[in-house]
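One line per chain: the protein sequences are A and B, in this order. If you're matching positions, the first sequence starts at 20 in the working numbering and goes up one per residue. If you're matching positions, the second sequence starts at 20 in the working numbering and goes up one per residue.
Check the hints yourself; a few may be wrong.
[To be verified] Restricting the straight-line Cα-Cα distance to at most 16 angstroms, the calculated cross-link-like pairs of lysine to aspartate or glutamate (EDC-like) are:
| # | chain 1 | residue 1 | chain 2 | residue 2 |
| --- | --- | --- | --- | --- |
| 1 | A | Lys173 | B | Asp257 |
| 2 | A | Lys25 | A | Glu78 |
| 3 | A | Lys173 | B | Glu258 |
| 4 | A | Lys106 | A | Glu151 |
| 5 | A | Lys159 | A | Asp222 |
| 6 | B | Lys173 | A | Asp257 |
| 7 | B | Lys25 | B | Glu59 |
| 8 | B | Lys173 | A | Glu151 |
| 9 | B | Lys25 | B | Asp99 |
| 10 | A | Lys232 | A | Glu246 |
| 11 | B | Lys106 | B | Glu59 |
| 12 | B | Lys161 | B | Glu246 |
[Unchecked claim] Footprint (simulated), chain B over chain A, 3 or more residues, beta carbon under 8 angstroms:
| # | region |
| --- | --- |
| 13 | 107-114 |
| 14 | 131-138 |
| 15 | 167-181 |
| 16 | 256-263 |
Just so you know, the hints here were simulated from the structure itself, not pulled from any lab data. Think of the CB as a built atom: it goes at the ideal place given N, C-alpha and C, for glycine as much as any other residue.
Single-letter residue listing:
There are 2 protein chains.
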Amino acid sequence: MTAAAKTALVVLAHPELRSFNGGLAEVAEATLRAMGYAVERSDLVQMGFDPVERGALYEHRADPERFDSQTEQRHAFERDSLSADVKAEIDKLRRADFLFVQFPVWWFSVPAVLKGWFDRVFVYGGIYTSTERYDRGRFKGKRALLAATTGGPKPTFGHNGRNGDIELLMWPMNMTLAYIGYAVLPHFVAYEVGGAIAYSGADAARARREGDKAALAERLRRLADTEPLRFNGWSDWDEQGRLKPGVEGHSHFMRAKP
Amino acid sequence: MTAAAKTALVVLAHPELRSFNGGLAEVAEATLRAMGYAVERSDLVQMGFDPVERGALYEHRADPERFDSQTEQRHAFERDSLSADVKAEIDKLRRADFLFVQFPVWWFSVPAVLKGWFDRVFVYGGIYTSTERYDRGRFKGKRALLAATTGGPKPTFGHNGRNGDIELLMWPMNMTLAYIGYAVLPHFVAYEVGGAIAYSGADAARARREGDKAALAERLRRLADTEPLRFNGWSDWDEQGRLKPGVEGHSHFMRAKP
């Protein structure tokens with residue numbers, strides 16, 4: 020008997036399939052297939068995914084008068100009355116051993132459609148609970164990788180760059196995945212994507228983009244051997260949710276000096 | 020002749036008007052009116068604001084084959100063919116001397132509807148250009164204030180808290196406003212909003228929420244006298260977009276040690 024094939028979910032959050040982001044998602048899908056993964060896709064914009072969490076999306080409300088997202092998410096999950104689009108995404112997440120998310124950095128963060136995928140799909144009471152999160156998260160044992168593109172050149176995203184430190188910019192998104200239990204691999208970033216042709220000439224830009232694609236494929240081929248980002252866990256925190264004295268802040272987020 | 024009344028725009032990004040976020044937006048509106056401001060509102064979820072930037076929203080495309088957001092934003096702005104909802108928001112932003120934005124922290128960031136308001140309304144070629152941004156931004160001379168609520172208690176958002184440092188979490192949103200030229204006031208945060216009743220008992224929670232509302236009103240009454248957050252500007256950066264040697268990184272974002 021052979022082991023069941025592993026499954027990967029490739030999420031793309033870009034309005035244009037023929038964009039460089041779309042190309043990187045294709046590279047991810049092809050590389051993962053070549054590695055023996057069964058690959059599912061969620062091309063969020065092309066699917067028409069609705070990212071706006073709100074009461075009208077819940078058919079059977081726990082409280083029809085006053086909408087509270089966590090209350091309604093738990094209620095709907097427990098009664099199996101979540102909307103069909105959210106159920107489908109949750110099913111994909113559960114099937115997937117590996118989650119890959121491709122997006123452009125817009126306004127120092129993810130596009131709205133991806134933020135809303137987190138808001139609507141990562142449901143309270145289903146994907147996480149107050150006791151099942153961080154290193155006790157329900158997705159423990161699964162791996163995830165965020166891949167981003169930026170318009171600005173790499174130095175502008177350095178620790179002293181005018182666009183802000185990419186390590187800190189990526190933290191909220193990496194932390195969102197770590198929160199539900201994923202082992203999050205160090206993010207992949209392709210810089211200067213929008214402006215590459217203008218800055219470097221078309222040939223140089225093309226060569227650069229091919230280099231980015233090859234680098235992403237290589238990162239994916241090593242995904243099982245890559246050391247995940249380190250995040251703190253329950254044993255590191257006191258009852259107030261602060262690091263215990265002497266415990267190192269592992270995340271890339273903590274300032275060295277408060 | 021009296022001076023023209025100042026105008027404020029109050030943006031709310033919460034699906035429930037009767038939520039505490041909705042209550043804080045009401046406090047902001049009432050306080051600003053009492054200060055003599057003419058107040059406009061953008062209740063993003065209630066307006067049905069569509070936050071997903073994509074080709075279908077551009078009637079006359081510069082490139083009908085391949086959608087690039089910045090290309091189409093500039094093209095549509097220059098030809099006055101932006102969609103009506105975006106035009107209306109831009110008009111409100113231009114009229115407003117003061118911008119107030121109220122939102123709950125969801126997944127370490129803003130709800131998708133607010134992220135998409137940045138993605139779609141802050142158009143390239145109209146709200147900013149490559150030369151008109153940061154301290155040369157088109158909105159220079161205007162002030163803005165972000166007000167957030169969190170579910171988690173305050174210590175979990177400290178520099179060593181398990182939810183991450185709120186000063187760093189707010190940076191991408193504050194920077195988005197600073198990028199287009201706003202003087203951004205230190206953000207207002209009301210903690211432990213969702214869970215307050217469960218944690219503290221209903222009476223204590225109610226008193227706390229009233230305290231938050233009073234504190235926000237006081238912050239708004241002092242808005243003209245409040246020192247804005249300090250962000251670096253063009254004269255601080257070298258040609259690569261890195262801080263020049265010896266220049267202090269003003270933003271709250273830079274890590275003390277890289």
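_Unmet hints by their number, sorted upward, for this structure_ = Per hint list: 2, 4, 5, 8, 9, 10, 13 violated.
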